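A.B. asks: Listed here are the chains, written in short residue letters.
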Amino acid sequence: MDNLKIILKTGFALLLFMLVGNHLQAQGVSSDTLAALADGQKYDRAIHIMAMLLLGFGFLMVFVRKYGRSALTATFLLVSIAIPVYIFLAGTGAFGNKGSEIDTLILSEFAAASLLITAGAVLGRLKMPQYLLLGLLFVPAYMFNEWITLDNGLGLINAGSFIDTGGSIIIHSFGALFGLGVALSMTTKKESATEIESDFTGDRFSLLGSMVLWIFWPSFCAALVLPSEVVHTAINVVLALSGATLITYFFTTLLRGKIEAADIANASLAGGVAIGSVCNSASYSEAIIIGVVAGALSVTGFALVQSRLQKGLKIIDTCGVSNLHGIPGLFGGLAALVVIKGIDAGAQLSGIGITIVISVIAGWIVGKIISVTGRRRIPYIDSEEFTVDD
Amino acid sequence: MDNLKIILKTGFALLLFMLVGNHLQAQGVSSDTLAALADGQKYDRAIHIMAMLLLGFGFLMVFVRKYGRSALTATFLLVSIAIPVYIFLAGTGAFGNKGSEIDTLILSEFAAASLLITAGAVLGRLKMPQYLLLGLLFVPAYMFNEWITLDNGLGLINAGSFIDTGGSIIIHSFGALFGLGVALSMTTKKESATEIESDFTGDRFSLLGSMVLWIFWPSFCAALVLPSEVVHTAINVVLALSGATLITYFFTTLLRGKIEAADIANASLAGGVAIGSVCNSASYSEAIIIGVVAGALSVTGFALVQSRLQKGLKIIDTCGVSNLHGIPGLFGGLAALVVIKGIDAGAQLSGIGITIVISVIAGWIVGKIISVTGRRRIPYIDSEEFTVDD
Amino acid sequence: MDNLKIILKTGFALLLFMLVGNHLQAQGVSSDTLAALADGQKYDRAIHIMAMLLLGFGFLMVFVRKYGRSALTATFLLVSIAIPVYIFLAGTGAFGNKGSEIDTLILSEFAAASLLITAGAVLGRLKMPQYLLLGLLFVPAYMFNEWITLDNGLGLINAGSFIDTGGSIIIHSFGALFGLGVALSMTTKKESATEIESDFTGDRFSLLGSMVLWIFWPSFCAALVLPSEVVHTAINVVLALSGATLITYFFTTLLRGKIEAADIANASLAGGVAIGSVCNSASYSEAIIIGVVAGALSVTGFALVQSRLQKGLKIIDTCGVSNLHGIPGLFGGLAALVVIKGIDAGAQLSGIGITIVISVIAGWIVGKIISVTGRRRIPYIDSEEFTVDD
Numbered sequence: 019m020d021n022l023k024i025i026l027k028t029g030f031a032l033l034l035f036m037l038v039g040n041h042l043q044a045q046g047v048s049s050d051t052l053a054a055l056a057d058g059q060k061y062d063r064a065i066h067i068m069a070m071l072l073l074g075f076g077f078l079m080v081f082v083r084k085y086g087r088s089a090l091t092a093t094f095l096l097v098s099i100a101i102p103v104y105i106f107l108a109g110t111g112a113f114g115n116k117g118s119e120i121d122t123l124i125l126s127e128f129a130a131a132s133l134l135i136t137a138g139a140v141l142g143r144l145k146m147p148q149y150l151l152l153g154l155l156f157v158p159a160y161m162f163n164e165w166i167t168l169d170n171g172l173g174l175i176n177a178g179s180f181i182d183t184g185g186s187i188i189i190h191s192f193g194a195l196f197g198l199g200v201a202l203s204m205t206t207k208k209e210s211a212t213e214i215e216s217d218f219t220g221d222r223f224s225l226l227g228s229m230v231l232w233i234f235w236p237s238f239c240a241a242l243v244l245p246s247e248v249v250h251t252a253i254n255v256v257l258a259l260s261g262a263t264l265i266t267y268f269f270t271t272l273l274r275g276k277i278e279a280a281d282i283a284n285a286s287l288a289g290g291v292a293i294g295s296v297c298n299s300a301s302y303s304e305a306i307i308i309g310v311v312a313g314a315l316s317v318t319g320f321a322l323v324q325s326r327l328q329k330g331l332k333i334i335d336t337c338g339v340s341n342l343h344g345i346p347g348l349f350g351g352l353a354a355l356v357v358i359k360g361i362d363a364g365a366q367l368s369g370i371g372i373t374i375v376i377s378v379i380a381g382w383i384v385g386k387i388i389s390v391t392g393r394r395r396i397p398y399i400d401s402e403e404f405t406v407d408d
Numbered sequence: 019m020d021n022l023k024i025i026l027k028t029g030f031a032l033l034l035f036m037l038v039g040n041h042l043q044a045q046g047v048s049s050d051t052l053a054a055l056a057d058g059q060k061y062d063r064a065i066h067i068m069a070m071l072l073l074g075f076g077f078l079m080v081f082v083r084k085y086g087r088s089a090l091t092a093t094f095l096l097v098s099i100a101i102p103v104y105i106f107l108a109g110t111g112a113f114g115n116k117g118s119e120i121d122t123l124i125l126s127e128f129a130a131a132s133l134l135i136t137a138g139a140v141l142g143r144l145k146m147p148q149y150l151l152l153g154l155l156f157v158p159a160y161m162f163n164e165w166i167t168l169d170n171g172l173g174l175i176n177a178g179s180f181i182d183t184g185g186s187i188i189i190h191s192f193g194a195l196f197g198l199g200v201a202l203s204m205t206t207k208k209e210s211a212t213e214i215e216s217d218f219t220g221d222r223f224s225l226l227g228s229m230v231l232w233i234f235w236p237s238f239c240a241a242l243v244l245p246s247e248v249v250h251t252a253i254n255v256v257l258a259l260s261g262a263t264l265i266t267y268f269f270t271t272l273l274r275g276k277i278e279a280a281d282i283a284n285a286s287l288a289g290g291v292a293i294g295s296v297c298n299s300a301s302y303s304e305a306i307i308i309g310v311v312a313g314a315l316s317v318t319g320f321a322l323v324q325s326r327l328q329k330g331l332k333i334i335d336t337c338g339v340s341n342l343h344g345i346p347g348l349f350g351g352l353a354a355l356v357v358i359k360g361i362d363a364g365a366q367l368s369g370i371g372i373t374i375v376i377s378v379i380a381g382w383i384v385g386k387i388i389s390v391t392g393r394r395r396i397p398y399i400d401s402e403e404f405t406v407d408d
Numbered sequence: 019m020d021n022l023k024i025i026l027k028t029g030f031a032l033l034l035f036m037l038v039g040n041h042l043q044a045q046g047v048s049s050d051t052l053a054a055l056a057d058g059q060k061y062d063r064a065i066h067i068m069a070m071l072l073l074g075f076g077f078l079m080v081f082v083r084k085y086g087r088s089a090l091t092a093t094f095l096l097v098s099i100a101i102p103v104y105i106f107l108a109g110t111g112a113f114g115n116k117g118s119e120i121d122t123l124i125l126s127e128f129a130a131a132s133l134l135i136t137a138g139a140v141l142g143r144l145k146m147p148q149y150l151l152l153g154l155l156f157v158p159a160y161m162f163n164e165w166i167t168l169d170n171g172l173g174l175i176n177a178g179s180f181i182d183t184g185g186s187i188i189i190h191s192f193g194a195l196f197g198l199g200v201a202l203s204m205t206t207k208k209e210s211a212t213e214i215e216s217d218f219t220g221d222r223f224s225l226l227g228s229m230v231l232w233i234f235w236p237s238f239c240a241a242l243v244l245p246s247e248v249v250h251t252a253i254n255v256v257l258a259l260s261g262a263t264l265i266t267y268f269f270t271t272l273l274r275g276k277i278e279a280a281d282i283a284n285a286s287l288a289g290g291v292a293i294g295s296v297c298n299s300a301s302y303s304e305a306i307i308i309g310v311v312a313g314a315l316s317v318t319g320f321a322l323v324q325s326r327l328q329k330g331l332k333i334i335d336t337c338g339v340s341n342l343h344g345i346p347g348l349f350g351g352l353a354a355l356v357v358i359k360g361i362d363a364g365a366q367l368s369g370i371g372i373t374i375v376i377s378v379i380a381g382w383i384v385g386k387i388i389s390v391t392g393r394r395r396i397p398y399i400d401s402e403e404f405t406v407d408d
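Chains as they are written, first to last, in my numbering: chain A, 19 to 408; chain B, 19 to 408; chain C, 19 to 408.
One should not assume that every hint holds.
To be verified - Restricting the straight-line Cα-Cα distance to at most 25 Å, the calculated cross-link-like pairs of lysine-lysine (DSS-like) are: (1) K145(A) - K84(A); (2) K84(A) - K145(C); (3) K276(A) - K145(B); (4) K276(B) - K84(C); (5) K386(B) - K145(B); (6) K84(A) - K84(B).
These are computed hints drawn from the structure, not numbers from a lab. Small disclaimer: the values here were computed from a predicted structure and weren't measured.
If we strip away everything but chain A, and leave its shape as in the complex, we get (with noise of 0.2 Å):
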């Protein structure tokens, strides 16, 4: 009797639990359906990420005087060598385990903007196939780097101490460290000097190229949280990029008596830059103050640093990603330690130190090879590697 009531309720069990399951397939949703669901909104994320990377970072580089179709060129070589080698390497897991495919696909493509980031350091004074060469030899830098920071690689920092969530250290002053450690390799004094005009008509493609960033920057930095923590962190990001915007006017107008457009263009940005390493735990007020520090650092960089108002700019950094994606992301990397109770201060800085490190080092040796197929005294134009006929 005891064992017929023991059959009786597991039979109704199983047909209960068939029951809900089948109501929910009913609707076409099954429960593995919702993790798909998960999944397919970090797809979404991960479109919006490819949006910043070909129509982002490539109009954002248009400002270069006869140089628009190699930057834009060189910004789909870049992506398209960046993505399918960090996929092939995350397949052979020689730098750890990197989750599932969307996972994988979306560090792919941060890979691809700290990539870019690299490129436009020396935008202009490479060609073609170095882009392509460049692009090769950086993706495992950057995945090593990646691989000890965020996943105790070679055992040195605990998953999880060091906090980057958005990649302000790993990914944007990774990819501007490594490009000037390529441009101090390859660069002579006298090459330095030669001057990189800038093309003002071309302010209103930079200004399409920035405001493409800002609007899914968002996205960037939210592509892998938690779904709980997606809005919170969106809005965060608006509001260090609204910070950062503002005082951006209000310092280029003050710095430089006008206003530079390529200000505008550029310093807006270093608020998602600097937010990105507390993206997910910084308070609203936080984060506009995280903003507001890091656009007036970024503006303060373009203004008396680097001065394109002077005919032409005169350092090796052609777009002056020390002072977008240098400065501003190693401020956000150490704003973490004030931001986030209990944070391990050790790892943390630990995270920052190795990243300057090997990004400086493995920037110089690739500058290095590069060299190797060639060098240029004068940045290239346009016409000498494509059909132009204006």
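Use these hints to put chains B and C onto chain A, whose structure you have.
C.D. replies: For chains B and C alone, coordinates are given in the frame of chain A:
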């Protein structure tokens, strides 16, 4: 024995409940996650709206001659001031409860859209700091009207009885009328006779801005509707936009002899403006009809009232926001009286009337305040505030 | 007593069922909402496709000299005619059942994409009202082919046995071949010898259009796949596009000596065209190989068959849609024979063959019909239909 059974059954129920819950959680999807996923879809629409604000409104305004940098920078600044101010004021509760974090973000974007419409009416007549002042003063007025018409502010209109899902009235008409209020109080007859030249080489950029608005308009209207209404709302918006686009082509040819690209860029969007109020309740055929009528009204306004063909704009509404947002918005709000069965006509008319009164008066006052900080007879051009070398 | 137990157990089951239901609903998420969320993700992809239609196809076609306004306006009109006509015809049920509202919207966007491809073949040879007539006549022919190849129309091919998930055949090849049919029937030898000049200053706009297509192509191919297949499909598309982009760079340099920006803008996308048929079933490496082959085929077509370098286009396919959509599409459809295990080869070849026959014949007839409304030997330019002052 009976007690034992009850205990057993209760235990069994709990077990089963946990089993089902675990089954869902095993997939990484708890019911909390489900709520987060619902918010995540609103998030996607919030990003789409951000694209409309910056790329859409920004580039649609690039047609003004030698004012491209200014138009894009003003767009950046207005968005950066409106969203944080709205979120801050929402946090104070002064204008009622704005709902969850994501709802507040979307509502703040609506405010920014309305502000950009206002700015379109006075584009070229303000300096950058004046745009910022405009934003600061606009947002509280906008929230006051939103509170009264939607959230039973001052007890005037019962919550839910004024129908304006996609903001035909409270976003589009409010912005246009506020802008006219500002223009009226800031502009003398002499000033309004001063032409603002349009730059036809900017047409491709204007069409780009227009396309961005067209593409993402469904997300604007569906931003806050129920998940089950999103798709129908989106299709209604697409049909309304299609109807407006087709009629704009016929009317621009009919009224002007040739096609005016600016008509295509602007009046095609009137369908999106007008479908707003009833976007989630109209049938497909109603949506097309509303779009066609709105497009016809808008293009007639542009072609007959505001003639860019005659070597410049001779009226005070720089971007013709009265033709694109003002009239089509009012038409959309009134269309609800026909489309929605059992609508509270008194509430609907009250909402429209109150919005008209508040927007014009508040705009007029804000115009007077801005005038204190300086006025100009001749429209500004880029070179007065920006570094230019073209 | 037993009856009592049954009643108790039934009541308990209902209670438990409601309990679980309530638990989900307490979070604001019923199972109906879950279905709505699944549709909501399709909605996001529908918006991405809309970006491809307007910004993507529109700006990719801006390269034609003095025809930028016309190309963008034609894009607006073609989308605005195709989507409502498709939705209306789907509602009649004349071409089978097109599924839910969101599925119908996405299918109507596919039709619009195919129509834009057709228009690319005759760009500059039609007046605006002729583009509209083309759209009206194209959509029923497109739906007829869709019905026969996918929905067992006329009982020719079993539903589900012709594999073309992302539309390599029924969208891309159909559109390209339909366009060639129109061009063949409308154009005499003399006319086809008339050059259409390309405008290299439009290159940056063309690259913008190309990037928009590249970015959102994953959503095009994954639009209607199962939720669990979205991510894998997307990655396959990205890999195919990357492969095509890289090979395009090598081949354009090889075949032309210098890089042709138009090759980069166009042939890079051939990977997306060709991966369509097997986008949800290919492995990563298969996806890359398909992309590389498709890119190579496409760039070879552009470089050897269609030479924009020689001061203009001397053939009738204005935008080279045969090189971008025709050949790569057919290759993609045939690739399914190799990639998909156990494919019904007869059905696959039938689907391809039927599509070729219907598209060419229908295009030829439509061309004759349009010819009745007027023909031109010299390509149109903006100033004939548009107000211009540049």
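A.B. asks: Are the Cα positions of K145(A) and K84(A) separated by 25 Å at most?
C.D. replies: holds (14 Å)
A.B. asks: Within 25 Å, alpha carbon to alpha carbon, are K84(A) and K84(B)?
C.D. replies: holds (22 Å)
A.B. asks: Quick one, are K276(A) and K145(B) close enough, alpha carbons at most 25 Å?
C.D. replies: Roughly 12 Å between the alpha carbons, so the hint for K276(A) and K145(B) holds.
A.B. asks: Checking one constraint from the list: CA of K276(B) to CA of K84(C), max 25 Å. Satisfied?
C.D. replies: Roughly 16 Å between the alpha carbons, so the hint for K276(B) and K84(C) holds.
A.B. asks: Regarding the pair K386(B) and K145(B), is the alpha-carbon distance no greater than 25 Å?
C.D. replies: holds (15 Å)
A.B. asks: Against the 25 Å threshold, does the CA-CA distance of K84(A) and K145(C) hold or violate the hint?
C.D. replies: violated (35 Å)
Taken one by one, the earlier hints fail for this structure only at number 2.
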